[in-house]
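Colleague: The chain contents come next:
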Amino acid sequence: MDAYLIAIAIITAIYVLLALGLNLQYGLTGIVNFGHVGFFCVGAYTTAILSEHGVPLVVSFPLAAVLAMAFAWPLGLVSIRLREDYFAIVSLGFSEVVRLVATSERWLTNGVQGIAGIPKLFAGWLTGPAQSYAVLGLLVAFNALAILAMLRIVRSPFGRMIEAIRDNEEAVKALGKDPAGFKIQVLVLGAALAGLAGAVYAHYIGYISPEQFLPLITFQIWMAIIMGGVGRISGALVGAGILMLFLEGSRFLRDVMPFISEVSMASVRLGVVGLALILFTMYRPQGLMGDFTRK
Amino acid sequence: MTLAIQGLTKAYGGLHVVNDVRFEVPSGALVGVIGPNGAGKSTLFSLITGFLAADAGDVSFEGRSLGRASPMERARAGMVRTFQVPREFSHLTVRENLLAAAPGQSGERLIDTFFRPGRVKAEEAAIAREAAETIDFLRLAKVADVPAGRLSGGQKKLVELGRALMTGARMILLDEPFAGVNPVLIEELSVRIRELNGRGIGFLIIEHDLAALNKLVSTLHVMDRGVLIASGAPAEVLGNPRVRDAYLGGAAA
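Going down the list, the sequences are from chains R and P. When the first sequence is numbered by my numbering, its final residue is 1774 and no position is left out of the sequence of numbers. When the second sequence is numbered by my numbering, its final residue is 258 and no position is left out of the sequence of numbers.
Be careful, since some hints might not be right.
To be verified - Per label pair, the in silico range of CB-to-CB distance:
1) 18/P - 1744/R: 43 to 49 Å
2) 1757/R - 90/P: 31 to 37 Å
3) 123/P - 1595/R: 48 to 54 Å
4) 12/P - 1545/R: 26 to 32 Å
5) 1659/R - 213/P: 43 to 49 Å
6) 69/P - 1626/R: 55 to 61 Å
To be verified - Here are some of the chain P residues that sit facing chain R, going by a computed Cβ distance under 7 Å:
7) 187
8) 190
9) 213
In short, the hints are calculated from the structure, not lab data. C-beta atoms are modelled at their ideal positions from N, C-alpha and C, and glycine is treated no differently.
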């Protein structure tokens, strides 16, 4: 049970990292990114492939974030000026392209079979529970750094400008400032966090395949920030927690509903998350922590 | 002369919304554009400020041709607009709205935010003083730290004016500043505009409400169905039968 809880905590922390990135993009800047999982996927595959070729983790880890940024930058350059709903579609398409490339380019990614035997973090130094604790510690450190950086950004003139862009892009242009430049930077920063999350994920699970990077992941992160409170850093934290509570908690639904078969249970769990989202939008649209309406 | 509008034209399908409009706004002048609904005033404004691309014609400001420049470039050149329906940054406070408008902030670069916090802080202090003065000048002190989205329509127009001032604009283009504003605030706004004009800032004002505008401006241009039908001093222009016809005819229809 202890090991189970640590595992849950690790996955939650990975979701927090993803949610922090999306919150920066959508909550603070208003970028509707429906392709967050694409950057997560790039990060995971980058470090997995590099590790296969004997590149040490201290190198492959930062490269995972850098490569995710390197994907985000041209994507932003060509599409960030689109109206937000069109950008949403483009970003969703981007993440699907990433997944399909991971599926088809077998020489690089081993296709649908995926990459197995990705070295565990801290392997050789630590084993068993100590290793898990160390991974969790690393994630907490990454999250803490990300939150500190985010706070710095929110309180800076840059942060003020991205919130102004979220509130009214045309007015920003009328003041002589180009929203696109700010939005591209935010897209790239959020992608870096997703790439980093992907790297931790790959080394923690030890096996990655394209089907782990479905758009569903993106929408789960969206649910997390909506339930937690859009535009709030605490919202990303709390939201990822609630999401995990629903995803994992519904695992135990079977104890109270033994008449549901193992197979239908997966759908029931998704249904529970969906129901939670509906209830949230009906009764607490601002999310648990309140939305960006006031800092 | 500062702002020259040189034959701006915009058509949708066969309909000329703005047709070969040309006039000049001398530096530091207070000029109004009036016309009935659908005369093409707001479209003209968007053509001048680059929010719409003109089919023909050019705009030059302080001798520089801006006809192909982006809205951002035109604003940076010193010509800043407001909007008919206020576009405040609703979740930012009035003060933050003004701060956001200040040009050339190094704190808007991430690298400086993280690695040159001292410089960012010093700059921020300077623009904060400027914003505080502007807030006092516009009599917005009471709501300075209230999110701009909660203000009344008239107050939001003051915020937009404040933002335009913070950019250091030499020419401010106001799009129906008096629409939906209560009479007391209209008077207040007029006083501020006159005072700013006294400091050398030029204004081009589009307005539907004649009474408020003709007391304020020195020159009036009248538009009807996309063309300029009269120009001159307010009293003279309003006495022009063509103008009366356009206005009364428009109102009666």
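Colleague: Against each hint, give a clear statement of whether it holds in the structure.
Modeller: Hints, verified against the model:
1. 18/P - 1744/R: 43 to 49 Å: violated, 59 Å
2. 1757/R - 90/P: 31 to 37 Å: holds, 33 Å
3. 123/P - 1595/R: 48 to 54 Å: At roughly 51 Å between Cβ atoms, residue 1595/R and residue 123/P fall inside 48 to 54 Å, so the hint holds.
4. 12/P - 1545/R: 26 to 32 Å: Because 51 Å falls outside the window, the suggested range is violated.
5. 1659/R - 213/P: 43 to 49 Å: violated, 34 Å
6. 69/P - 1626/R: 55 to 61 Å: Since the Cβ atoms of residue 69/P and residue 1626/R sit about 46 Å apart, the hinted range of 55 to 61 Å is violated.
7. 187: Result: violated, 23 Å to nearest chain R Cβ.
8. 190: Interface hint status for residue 190/P: violated (21 Å vs cutoff 7 Å).
9. 213: Violated. Min distance 21 Å.
The structure fails to meet hints 1, 4, 5, 6, 7, 8 and 9 from the earlier list, while all remaining hints are met.
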